[in-house]
Each structure stands twice: as structure tokens, then as C-alpha cells.
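Asks: Keeping the supplied structure of chain A fixed, place chain B upon it in accordance with the hints.
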Amino acid sequence: MDKNNLNNIPKDLFVPLVRKEDTSEKISTPSRTFFQDAKRTLFKNKPAVFSMILILLIIIMSIAGPWMNDFGSDDQDLKRAKMPPRVPVLENVSWLGLNGTLSGTFQGKDVQQATAKANARFDNKEEFIDIEVINKGDGTRNSAEVKATYRIYEAKDMKDTYFWFGSDALGRDQWTRLWEGTRVSLIIAFVAAVLDLVIGVSYGGISAFYGGRVDNVMQRIAEILVGIPNLVIILLMMLVLQPGIISIVIALSITGWIGMSRIVRGEVLKLKNQEFVLASRTLGTSNGTIIRKHLVPNISGIIIINTMFSVPGAIFFEAFLSFIGLGIVPPDASLGSLIDLGFDNLRLYPYMLVFPAIVISVLMIAFNIVGDGLRDAFDPKMHK
Amino acid sequence: MTRYLLRRVWYMLITLFIIATFSFFLMKILPGSPLNAEDKLSEEQKEIILEKYGLNDPIPVQYAKYLGGLVKGDLGVSFKFDNTPVTAILFDRIGPSALLGFQALVVGSILGIFLGLMASIFRNSPIDFSSTIIAVIGTSIPSFVFAGLLQYVFAVKLGWFPVALWGEFEHTILPTIALAIHPMATAARFTRTEMVEVLHSNYIITARAKGVSESGIILKHGLRNALIPLITVLGPMAVGLMTGSMVIEQIFAIPGIGEQFVTSVMVNDYPTIMGTTLLFAFGFIVIILIIDLLYGLIDPRIRLAGGK
Chain A
2 MDKNNLNNIP KDLFVPLVRK EDTSEKISTP SRTFFQDAKR TLFKNKPAVF SMILILLIII
62 MSIAGPWMND FGSDDQDLKR AKMPPRVPVL ENVSWLGLNG TLSGTFQGKD VQQATAKANA
122 RFDNKEEFID IEVINKGDGT RNSAEVKATY RIYEAKDMKD TYFWFGSDAL GRDQWTRLWE
182 GTRVSLIIAF VAAVLDLVIG VSYGGISAFY GGRVDNVMQR IAEILVGIPN LVIILLMMLV
242 LQPGIISIVI ALSITGWIGM SRIVRGEVLK LKNQEFVLAS RTLGTSNGTI IRKHLVPNIS
302 GIIIINTMFS VPGAIFFEAF LSFIGLGIVP PDASLGSLID LGFDNLRLYP YMLVFPAIVI
362 SVLMIAFNIV GDGLRDAFDP KMHK
Chain B
829 MTRYLLRRVW YMLITLFIIA TFSFFLMKIL PGSPLNAEDK LSEEQKEIIL EKYGLNDPIP
889 VQYAKYLGGL VKGDLGVSFK FDNTPVTAIL FDRIGPSALL GFQALVVGSI LGIFLGLMAS
949 IFRNSPIDFS STIIAVIGTS IPSFVFAGLL QYVFAVKLGW FPVALWGEFE HTILPTIALA
1009 IHPMATAARF TRTEMVEVLH SNYIITARAK GVSESGIILK HGLRNALIPL ITVLGPMAVG
1069 LMTGSMVIEQ IFAIPGIGEQ FVTSVMVNDY PTIMGTTLLF AFGFIVIILI IDLLYGLIDP
1129 RIRLAGGK
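Chains as they are written, first to last, in the working numbering: chain A, 2 to 385; chain B, 829 to 1136.
Derived from the structure by calculation, the hints contain no laboratory data. Idealized CB from N, CA, C, for every residue including glycine. Certain hints may be false.
Pairs of lysine-lysine, DSS-like flavour, derived with a Cα cap of 25 angstroms [stated by the list, open to error]:
1) K137(A) x K110(A)
2) K985(B) x K110(A)
3) K148(A) x K985(B)
4) K137(A) x K985(B)
5) K874(B) x K893(B)
6) K137(A) x K118(A)
Pulled from the structure, derived: some chain A residues nowhere near chain B, Cβ distances all over 10 angstroms [said to hold, decoys possible]:
7) I225
8) L272
9) H295
10) D333
So that you can see chain A by itself, here it is in the shape it has in the complex (with noise of 0.2 angstroms):
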């Protein structure tokens, strides 16, 4: 039907159109910058936005969170050493856990025996102790079984007293730590991410730029130290080093920039030989011009989705030399040693553990949620 129409179009409808030199080159939709394709781009992504928040909140969290109750980090007081997580209000929803109560199972050959072994576990507090028999045994070995769940807050005459992450061994508040412990972490992750940055780029754009005898030596240089494996310098430098903070930001910058050198240089030597760049050259545009209007907005993109994820490598870094005992040194806090702390209690205070834990893979998945996101925004084929 429409086939019809079109070709019974009256011919008085047809009328020549004026032609403007100024109307016809008028590019009728807005102009994006590739910046604003990749902000958009990146903006629709769900997951990523929602790691964005993720990490946000967590930041906030690290400054905040220690000044939310009135436990300092290091206010150690052995009477209140091991307390388990308690939380006002969330301490009524049994499953949660959060009700500051230890329990366990214990089993003896009879309801008396496990009932005593349970007391025996629990300071002997025994007007504190709730024994649930799970099963009453028939007096063979270990057959009978009860269940001690321990009101600990109360056997210690802290009722108003609240741990919301628990307090570790030395009763120190786990929730003003694993703050202190993840602002650490991050303040170590960003300024080796910053260096990485600077350095990185800065080496791998002169040699490329400047290529010649310049690249060659600088080339040979990064070439041997790439020979070297990172694990191995790390290692070497924290030794020599005073554990701290700035001795884990210098051993994971001496090695951490060699990545982003090779793949700025990689890049700068792609683009230098393209034709915009001779035509910006013929011009007689100066090399700092060139620089900063040609090579730089052309790379950002790669710089910036490395960056993002040299991030998530030296908070994994950092808890891993904390953790084998050459990061933060006590009684500073990190989220590694942190986490190296609770697996020493594993086993009868697994909150310990489970709080860092968390709060590392969380940071750790959301940091590489948004490298991916940002990976995609930046590439041009993926723009709509």
C-alpha cells in the first residue's frame, strides 16, 4: 500500500530547495567529546555505576567509620579481649549473629559431661550459659551433645557495652580498626597508583617521543628491570626497609610503573608517526604543543583504565605482605593484617576474619567492576 502512495505522489508537491552553504554543513545533533561517549557510556553501565557507589561508601566509611563510636584503636584492655560482634537493635535477629553471644557445640559421654566442658570453654560463668541439649547420649564417648550459647556481654557486666564488629584479642574495637585498617589500605593503593601514574608515564612518553638513542637506553634499562620479577624486589625492599606505609608504597612503585611505561610508550610511538600529527608538525606547532593537544588526550583513555586497575593490585599487594608479616607493623592497622590476625582465630572467633575479609573483596571487586566498565567506555567501538 505504501509502494502506492509513493508513487502517486502529485508532482506540484515537489519544490526545488534553496540551497544554503551555511545550513547544509550543520551537523544537526549535539557534538560529544570522546570524553563525554566514554562518561556516558560508562554511566549506563550498571554494575559499574553501582561499584562506583560501593567504593564510595567504603571511602567514606574508612574516614568516617572511626569516629562513629567512641573506641579508639589502640585502647587495649585484656578484660575485653575476644568480645563477639554486637549491634543495637540487629542483635534481636538471631541468624544475623550480631547479638554478642559466643556459642559452640560440645559433646561428652553423657548431657553432664558436654554440659561441663561447654562451662569449662566459658569462663565457668554458668548463670550465663544457655545449654540446649541437642542429643542426650547413651554414655558411649562423645555420643551427647549440647549446644552453649555464652551471653558474654552480660557474664562481663558490659550490658550497655557495644562491639559492633566484635574487639580483638587485645580488646581493641574491630570496627574503629577495620576503618583505620582500610583508610591505610587505600591511602597505600592511591599514592602507589599516583606514582605508578607518574613515573610510568612520564618514562614511557619520553623514550617513545623522543625515540633514537633515548629510547634505546632507556628501553634496555626497563628491559632488565622487567627481568626481574616484581615478587622478588618487593620482597627484597621490604626487608631492607623500615615496615610502614611508605616503605610498602616505594617497594610496590619500584617495579609497579614498568607496565604503564611499555604500554604509554607502545601507544605515544603508534600515534607520533600518524598523519595528524606530521600535519600538526608541518604547521609548525612546537613539541610541548603537540604533547599536550595530540598525544595526551589520545592516550588518557589506556592511562586511565591501567590506573584503575594498578588500584585493586596494591590493595591485594599490600594485604599480602601484611599478611606474611613485612607490611603495617602493629599497632597500626591494614586490612592485610588485619585478616592476618583473624585467621590466628579462626577458629573460635571467625568474626575476626569474616569483617576484613569482606570489606577487601568487596573493594577488590568493585575496583575491577569499574576498570572493566572503563575499559569498555574508552573503547570507541563500543559507543552507541
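Replies: What follows is chain B alone, placed relative to chain A:
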């Protein structure tokens, strides 16, 4: 090819020499000596001990002796651990580490390739979606967090596996899984990307047009070509396994190289630290060399021409 190999081996020796030198002088800067309870010893006793470890010589002589020993495979004598030669300590401990690393690499890459293959065949389906999630989680979560979770759930709570220590096969299961998760995630991600790309190439269309069965296309034409680039990620994977082994061996109390390193760090046993470091470096470099060579052998497009 031979020239290329020789050049690579030459570079490798230079790198090892630099690492050996670097670590030797670093250890010289560090405080600490093999003397226990230093102030209780008389001058002569100190003299005898220092003489025994060759610490009385001037540093250049010590350095020359150290390098000479290295050539012969002698890494010196441990300050702690009953004066055992470092080579013997490491030799005793290489078994568990190698076994774990091998198991993790095999399990991880087979599972990962399978996951990635499934994801690429059923693209944009729930299978693809969950495989992507597994891959992201696996590459993100540090192996020691994962190891803690496994240890608590399967060993402490459920009691299915031993909590730690070394011995039977069942002792290797949890550490292998903890180590394998990272290679698995990497392999899954990589296989999926490569497969999606390969399945869109022209020779797949040709194969389809010829009437090759779907399984033939995927396994014979697709997977085979997709797996070639996977060799490039084997290097980073092996490096990741070595890093992982340190913490995993520590967590599961496995008498391997990584655990030895961490213990040596705690007790300032410098000869052992240096020996382990060199062994790690040697491992890295050899693995990367082998992978480069393999890559050239398998993919004829990559030319390993000597020189430029």
C-alpha cells in the same frame, strides 16, 4: 632459533646475576648476625662462629665466594635450622610446592577453559552471566581470603578435610582449590573472549558451509585456535601461583618453599632468604622463557628471529 635461544639465556643469566648481587648487598646492609645471645659469648667464640660462616673476610671476598658458590649450586649455609646447607633445605621443600602448583595449574586451567567455553557457546545466557561473575570474583578476591573461607567451612565446620598440615592426598585438596581459583578465573575470562572472536572468523563460516558438525566446529576449529593465545597468560598465572603459594602454604602449614621463605623472614635467616629469592627468580625467568619458546613453536605467525 638457536641464536634467539642463546640470546634469551644470556639475558636470563644477566638478570639472575643482578638479582644475586642486589640481594647479596642488601643482606649486607641489614642488621643481624648468626650470633645468638651475642653478649654472652667471648671474643674468641664470636671469632670462631664468624669464621665458620665466612663473615670475617672483607665484603668483596665474601661476594666472590658467594658467586663462586652459586655457580656450583651452593647457596651457603643457613644461619638457623641447624646449619643445614640452604640448597638441602630448599631441595627438601620443593616437592610439596611443586605438587600443589602443578595440581592447581591443571585443575584451574581445565575448569577455566570449560567455563569459558560454555560461556562462549551459550552467549548472553544465564550460563554466560554466571561464568562471568565467577571469573570476576575469582580474579578479585585474594587467595588467602578464599583459603580462609574454605578452611573454615570445609575443615573446621564440616570436618570433611584436614584443617592443615601435609601428608595424604586429602591434605592437598583445600590448598589446591584455593590456589586454583585464580588461574581458573583467568582462563575462563580469556577463553570466552578468544572463543567469541574466533567463532566470528571466516574459517568458521567456511567450516559451517562445508557442513562440519557443531561440536566439530567448536572443538576442532574453534577451541584449538582460541587456546593458542592462552599460553601467553600461563606466565602471569605461574607467577600468581608462586605469590599465592607463600600465603596458602602459610595458612595450611604446608612444608613448602613459600612457607620456608616466610619463616626465614621471621627469624632473619639471610642465607635462606637469599637462596629462596634466587630460586623464585630463577623459576619465574625459566617459566617465562619456556612459554615464549612454546608460543613460537605453536603459532608460526610469531617469528622468533634472532636480532632485528
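Asks: Just pull the numbers of the violated hints for me, sorted ascending.
Replies: Of the numbered hints given earlier, the structure breaks just one, which is hint 7.
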